[in-house]
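S.K.: Residues in the sequence shown are numbered consecutively from 205, following the working numbering.
If you are wondering where the hints come from, they were derived from the structure by calculation, not from laboratory data.
Watch out, some of these pointers could steer you wrong.
What the hints assert, rightly or not - Simulated pairs of lysine-lysine, BS3-like, Cα-Cα distance not exceeding 27 angstroms:
{"hint": "1", "residue 1": "K208", "residue 2": "K251"}
{"hint": "2", "residue 1": "K239", "residue 2": "K208"}
{"hint": "3", "residue 1": "K270", "residue 2": "K210"}
{"hint": "4", "residue 1": "K238", "residue 2": "K210"}
{"hint": "5", "residue 1": "K239", "residue 2": "K251"}
{"hint": "6", "residue 1": "K273", "residue 2": "K210"}
{"hint": "7", "residue 1": "K210", "residue 2": "K251"}
{"hint": "8", "residue 1": "K251", "residue 2": "K238"}
{"hint": "9", "residue 1": "K270", "residue 2": "K208"}
{"hint": "10", "residue 1": "K273", "residue 2": "K251"}
{"hint": "11", "residue 1": "K239", "residue 2": "K270"}
{"hint": "12", "residue 1": "K238", "residue 2": "K270"}
{"hint": "13", "residue 1": "K208", "residue 2": "K238"}
{"hint": "14", "residue 1": "K208", "residue 2": "K273"}
This structure is a prediction, so every number in the text was calculated from the model and none was measured.
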Amino acid sequence: MYSKVKDFLTDDDFINYVLGVTPQLASQWECYFKKHPEEMADAEEAKAILLAPANVACDFSIVENKILKDRIISSIKDFSDIL
């Protein structure tokens, strides 16, 4: 997996964008990709990984996978607590 894909997968704003947490993030990332269209392929790969069923293989170790999952869950919980 490309390091840029991992960068997207560990970016809380990108994760929240993919999960549709706020319309502001969608707008922010759409603007970003208009300025950086060369990163769309990596972003789409990261998005597919985030939205894939849990049994889909990726290049993360078991520990990295758990850390990422915990961060996503924590991020969603933190955001829902604000609302």
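S.K.: Check the structure against each numbered hint from earlier and tell me which ones fail, lowest number first.
M.R.: 11, 12
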